[in-house]
Each structure stands twice: as C-alpha cells, then as structure tokens.
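Trainee: Going down the list, the protein sequences come from chains B and H.
Going by the numbering used here, the letters in the first sequence line up with residues 4 to 297, in that order.
Going by the numbering used here, the letters in the second sequence line up with residues 14 to 248, in that order.
It cannot be assumed that every hint is accurate.
[To be verified] Below, simulated EDC-like cross-link-like pairs (lysine to aspartate or glutamate); rule was C-alpha separation at most 20 angstroms, straight line: (1) H:Lys121 <-> H:Glu133; (2) H:Lys65 <-> B:Asp179; (3) H:Lys82 <-> B:Asp179; (4) B:Lys288 <-> H:Asp145; (5) H:Lys108 <-> H:Glu153; (6) H:Lys168 <-> H:Asp20.
To be clear, the hints were calculated from the coordinates, so they are not data collected in a lab.
Computed from a prediction, not measured in an experiment: that's the story for all the values here.
Single-letter residue listing:
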Amino acid sequence: MDVTLAAQSFLNGVLLGGLIALVAVGFYLVLGIARVFNFAHGHVLVLGGFATWSFRENWGLNFWIAALLGLVIMGVAGIIMERFPFRRFYGDFIPIIVVGVALLYLAEGGVVQVWGPELKHVGPVISGTTDFWGIVMTNWRWLVIAVGIGSMAGVSLFLARTRVGRAMRATAVDPDTAYLQGISSIAMARTAMFAGCALAAMGGGLMAPMYGVNIAVGMAWMIKGMMAIILGGLGSWNGCLAACFMLGMAESYCTVYINPQAGYIAMFLMLVVVILFRPWGLFGKPLRLGMPGE
Amino acid sequence: MLLEVKDLWVHYGGAEAVRGTSFEVGEGEIVALVGANGAGKTTILRTISGVKHATSGEIRFLGQMIGRKGPSEIVSMGISHCPEGRRVFMMLSVKENLQVGAHIRKDKAEIKRDMEALYESFPVLRERSKQDAMTLSGGEQQMLAIARALMSRPKLLLLDEPSLGLSPIMVQEVARIITNIHRTGVSVLLVEQNSVMALNLADRGYVLETGTVKLEGAGKELLHNEEVRKAFLGG
Ligand SMILES: Nc1ncnc2c1ncn2[C@@H]1O[C@H](COP(=O)(O)OP(=O)(O)OP(=O)(O)O)[C@@H](O)[C@H]1O
Ligand SMILES: [Mg+2]
C-alpha cells in the first residue's frame, strides 16, 4: 500500500470536510434556531462563487476583496431571506420547505440568466506546491485546508464562549424561555442566516480557483451539508463537525481508491446505516418539537 | 407602587384567559397570587414580562407603562421571570444558564461578582457549574432557575409555581430561599397552587378565579378565610 497516497487522500478528506462544514454550519444554526431548512443553501455557496468570479474576472479586483464582497453580499442575502420569505412561516414546516425549494429554483434560474450554464474559471491566486513529508499539494489547497479548519475553530469558539453564541444555543434549546431572558429568536435567526450564508459563500469563493464555478454543483453541496447535519445529529455542534470530516474522508478515499461515484455512494451508505440505528444522528438528541417565539 | 396592574384583559385567540384583573405589588413586598388550574396566573405573569400582550388594561412598573414593551426592555427595567416548570436550558451548563440569565447586561466584571455571590447562596450550583443542567435533580433545577432569574438584578422577581413537583423538604427550602431573596431588597410576586406556602410567606395575597380577583387581603388573613379554605385548602 502506498503510504503517500493514503496520506494525500487524508488531507484531501480534510479539505473536503472543511468545505462541507462551511455549508453545514448554516444548516446547523438556522435549523437549530428557526427550524428553517433552506433548500437553496447549496446555491448560496455557488452564488458566492459567481460573485467572486465577477468581481475578480470582470472587474479585475483583487481575489481576496472579490471573495470578501461575495461573502458580504450573500450574508446580506441571508438576512433578506430570513426577513421576507421565511419569517412569516416559522413553525410551519411544509411552507418552509416550499419556500426553500422556490428559492432554489429562483437561484438556479437567476444564475443561468446572469452567468450562463457553463463552468467559469477563476485564475490562480497563489501558485506553486509545497512538499510536506512527501505529501505534495498545491499551496492553494494547503491554504483552503487552513481556512476551513480556522473558520470551524472560530465558529466553535463563537458558540462556546461568546454572549451571542450562548444566546443562540439557549434559543435552540428553548426559544420561549430564552425570550424571557431578553433574547429575541428573530435576532438570533437573523444572525444565524447571515453567518451561515456568508460562510457558505466563502466556501464558494475558496473553491473557485480549484474547481471553477458551476451552477450544477449547488444541489450536490446542499445534499452534502444536509447529510452532515443528519449524520452528526441536531443539537451537537461537535457531532456536526465530526460528521463533516467523516463525509469528507469517505468521499476522498473512495474517489481515490475506487472511483468518484463510489465516494457519493459511500456517503449515502454511511447515512443510511446511521439513520437505521440512530435516527437522531451519531451525536444528536431527538429533535425539540414546537416553534420559535418572537 | 412598584407594579400596578389595572383591569387587565388577556385573550388566547377568542378565549378569555384574564378578565379584568387588578392588583399591586409594593416596594419590598412579597405578594402571592393563588388560584386553581387555569385561573390565569401564568398568563398574567407572561403578560407582565412582555412575552404575551394584553387586549386591554394597564401595567405600570415604577410608574411607567410597560404594556407595549418586549421582554428585553422589561428585563432591563428590573422585572425577572422564573417560569413555571423551571425551564432551565438542559443542554447548557449550569454556569452558562446563569450567564444567559444576564444576557441583557454588559457589565462583565459585575456579572462575575453576582455569579460568585449566587454560588455562595447555592453551593450545589458551584459544585455542578460545569455540568449540563440536564444532570441536575428537580430541586436543583428549581434553584438554578431562580438563580438564573436573579442574574439580571431584578427589582421585582416573578416566580411561577416554584414548589411544583418538589418534596415537602424542598418546598421548605424554596420558601427559605424566597425569604432570603426578599431580605436582599427584591420584591416578589409569587404564583402558587401551594396556597399555604405562598400565603404564609406573603405580605399580601390575591385569590384568582377564572381570570378575576375574587379576594384580597393580608397573607395570613386569607389563609384563615373560610372561602379560601373551602376552595383551595381542602376545608
Ligand atoms: N398558549 C395557550 N393557548 C390557548 N389557551 C391558553 C394558552 N395558555 C393558557 N391558555 C388558557 O388560558 C387560561 C389560563 O391559563 P394559565 O396557564 O394562565 O392558568 P394558570 O392559572 O397558570 O394555571 P396552572 O395553575 O394550571 O398553571 C386557561 O383556560 C388555559 O387553557
Ligand atoms: Mg400556570
């Protein structure tokens, strides 16, 4: 067995896991706080990528400024989505799903209208490769790994240590009682939508120089993020993170050692097996019923 | 007057839950609100806290109308609500529960000091400060819920059935805690089904029946009132 290939696949798994986590964090927060499942969340990632592409390739801005603009724009789009389509249906699961699917088609149609259906390329930002104990990866991939891990550490610290992070967790556990402490579920949902969409858009920007930008992958990223939160289980942020990296590993190793389709199948199999034995996920608790207060 | 409630009407959809209730809590008082299931006690407290809004009537706190304000403003003004059934945040640690109770405050150093002071009065909470609230017993959860409510530094504490589901010894302990809180200068509006405990503690009491005040008077006086005894104390 080739040790270098195995190690390389491991790092690729970390990379994929980090990207999945950038999508899953939005699902995790928004589902936990507002019981909203946004089917268009994968498209938020893609739109972040397209915004980055436009600012970079059309306007000629610096890549990092382009990506930052994409992040902010999609974060604000998240706030708008929270305010208008979703808020009036809080607690009503079927309309929430309908709104999510409607947003998905809107995003899909909009992207095709504005940018066309084909793959867009974003030029390299930093070049070269680095050899780390025989594992050779492009510098860009090393950087994406670092940013992925860094942002997840940031989200973890935010949730565990800050006043707003605690308030978000309290709202997810019991919105009514959180409201009695002066915490508005609406404000928490807004914050969660902003952060979730901004991080997904950042993922879209980061992957653009590696994979290009393409509308077709929106659905795939949505499904990966969704699998992560189901696998990890609601109510456990660490579980969600662990699930993201498990999925990343499954995809990476199966893609390398079998074929790309096998990666996808492996992810689904993992999910099915876990759901059979623990419907609430590996680390989660059975879902709280009821709806958020004001 | 610290709190004045005048001719309060509250509805759930078309159903009347509170029908023209009036009462007061003075500075430094313990006031009991007793009544059977469904009398509207919880609804009254939730309306004072701003999580539910009245159809009509006035609520004044320190002379200011608060009927249209939301809970964050009301908590900041000095009313804290310890809800029925304790409702601690199960998946948060004991310490985090207390921190969430201080959500509206920004004075970090003072929050720390208050938390220390509460740990002094509730040593169990200090021992368990890192554990999830889920792991506490019912009585310990009630103490946590009261301590959490105190973290916002209230002038008026609303307590909704703090003795619910507790053993007689724990009920006595809760009564002792309420007396201690009252000694620190916090006024208390105490809602109870356990009328004996509540009326014993209270300076004054109100007996509520289907959303209206039926009787009012000094706590001990109500305790010995024939009607009250018949209705609530089993003869
Ligand atoms: N969320 C709600 N929706 C509809 N009706 C409600 C709601 N909450 C309470 N009610 C009704 O309002 C009335 C007063 O209820 P409330 O909970 O205030 O009574 P309570 O005095 O606190 O009773 P208990 O001693 O059982 O706690 C009851 O008739 C109850 O059925
Ligand atoms: Mg009640």
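Trainee: If you test the structure against every hint from before, which numbers come out violated?
Mentor: 6
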